[in-house]
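Sequences are here, hints too, so could you generate the full structure?
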Amino acid sequence: MVRFENVGMRYGLGPEVLRDISFHLRPGSFHFLTGPTGAGKSSLLKLLALSHRPSRGLVTLFNKEVSSLDREDLPAMRRKIGVVYQDFRLLDHLSALENVALPLKIAGAKNSQIYQHVAELLEWVGLGRQVDAKPPTLSGGEKQRVAIARAVINRPQLLIADEPTGSMDAEMGLRLMYLFQELNKIGTTVVVATHDLELIKRFGNPVMYLKDGMLTTRAQDDLPAQFSKDPA
Amino acid sequence: MIQFFGKSAELQLEKDASTRYLPVVIAAMIFLAALSIGGLFALSNAISDWSETLTDNLTVEIAFDPAADLDKKVTDAVALLSATPGVANARPIEQDETLQLLEPFLGKNAALGGLPIPRLIEVIIAEDSAIDLAALNEKLTEAVPGARLDIHRPWLDKMVLLGRSIQFLAAGIMLLIGCVTVIIVIFAVRTGLIMHSEVIQVLHLIGARDNYIAEQFQNYFSRLSFLGALPGLIVAIIVMFIFNFLVGSLEASMLPPLSVGIEGVIALLLLPILVALLTRYTVRRVVLKSLRRMM
Ligand SMILES: Nc1ncnc2c1ncn2[C@@H]1O[C@H](COP(=O)(O)OP(=O)(O)OP(=O)(O)O)[C@@H](O)[C@H]1O
Ligand SMILES: [Mg+2]
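Residue numbers (the numbering used here), protein chains in the order written: chain A, 1 to 232; chain B, 1 to 295.
One should not assume that every hint holds.
To be verified - Computed cross-link-like contacts, BS3-like style, restricted to lysine-lysine with a CA-CA straight-line distance of at most 25 Å:
hint: 1; chain 1: B; residue 1: Lys-15; chain 2: B; residue 2: Lys-72
hint: 2; chain 1: A; residue 1: Lys-211; chain 2: A; residue 2: Lys-185
hint: 3; chain 1: A; residue 1: Lys-185; chain 2: A; residue 2: Lys-64
hint: 4; chain 1: B; residue 1: Lys-15; chain 2: A; residue 2: Lys-134
hint: 5; chain 1: B; residue 1: Lys-73; chain 2: B; residue 2: Lys-139
hint: 6; chain 1: A; residue 1: Lys-105; chain 2: B; residue 2: Lys-72
Just so you know, the hints here were simulated from the structure itself, not pulled from any lab data.
The following block contains the structure:
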């Protein structure tokens, strides 16, 4: 499903923020990605989301090596990937409903098929009353839920979420994690980046630990209680 | 047409204040372009009119000579001309008529009797006949001393040359207008791309094809161009009508009536569509080029 081989990444001419990253995610797996702030989690997810290219190494998604793909093949691939961005990236002038419907619309679905489905999903994430609200009028947690709904609306094969529950209370956070789990059960490969060690412990999925641009895989009980006290 | 002028659904370009000036600029450009087109076609019609009347219609001038029998000379010349194949008609112009022709220049009550006024013969060439005017002129001068075929050729050549230069100038102006329009559109699109870069990025990342994004820009900008072009064209047409009316009302006008002809009308009506298409093409090029810089 996802394979990184000796991947390095830098922004422009800056230093490498990811170094020698190699890992393999099986289809249908569910991984957490954690590490201290600035470790490069979001950067790694950008490679997964096909928004940036690695500066070295090979990234393979859906059995295709990314740098070998034609530009015209990328949109189709991106449609198989759902992404929840750390900063949401909603379109401010569109309603919650339209934001969530966007991936379907871009993929060419008919309006009649779109809106019923979208309204149900928004209802499910607890935004039944805010379907017509524009993102600037929503709270942080509400925006985050719109972003999550947009990421999952077209049943992606790969779901990437960057701090998806950081802006909401624990209860709503759990509810959405269960949504991810449900999607995982029907075959979606999930990668969730989070600082929330409690959450990781609670779900017990495998953990990728990123520090200073280097990746290690760790068992649950090997995680530090706090990132700052991590000797590694 | 709906697709062509459709709204830019996600980009909401219509809410941009920065591109609202575009129709005004396009209107000005189209106004100028329409005037040049009008001038171009009116001129080319006028040139072909002149050449036609002037080549079908010649004058023979018999110099004033107090010692000679002018009437006999006129009769001889008319006889010779009428016998020439290709000449449809040769008609002496009476003294009164000549005076009338000169009236605008000399005034009504001038004492003309004593003036050395040449005798004129109007010669009408048959249609579709090839006549060697230079040879005819020679023959005429030989037979009737003092007679000269005025073939208007040098004057006509100069007029045609002048007309052609003005036509080149108009074409140059059109080209310039086209270039300026393209440049203005490029700047407007670049501004739009920068202002909407975040939305474009999001659309791009959730799997929108370049074409999907480019179309929203194309539709919006070609609509702006078209809507700007209409008032520009209408004002230009009004101005041309007024100009034509003023020309027509000049008394004893030297200018023939101006007309852009059917081709001119078609060219004018095509102008807004052409500018919309030009805008569409330019916008597409610019947007696709900028999108190609993204992964
Ligand atoms: N657009 C960018 N241009 C240049 N440098 C960047 C950019 N984005 C991130 N960086 C740098 O890359 C490094 C890793 O950043 P990244 O956002 O991946 O960290 P993170 O692990 O997601 O942090 P956090 O937990 O705070 O979200 C940081 O040093 C950051 O300064
Ligand atoms: Mg981050």
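So, going through the hints one by one against the coordinates:
| no. | hint | verdict |
| --- | --- | --- |
| 1 | Lys-15(B) <-> Lys-72(B) | violated (86 Å) |
| 2 | Lys-211(A) <-> Lys-185(A) | violated (30 Å) |
| 3 | Lys-185(A) <-> Lys-64(A) | holds (24 Å) |
| 4 | Lys-15(B) <-> Lys-134(A) | holds (16 Å) |
| 5 | Lys-73(B) <-> Lys-139(B) | holds (14 Å) |
| 6 | Lys-105(A) <-> Lys-72(B) | violated (95 Å) |
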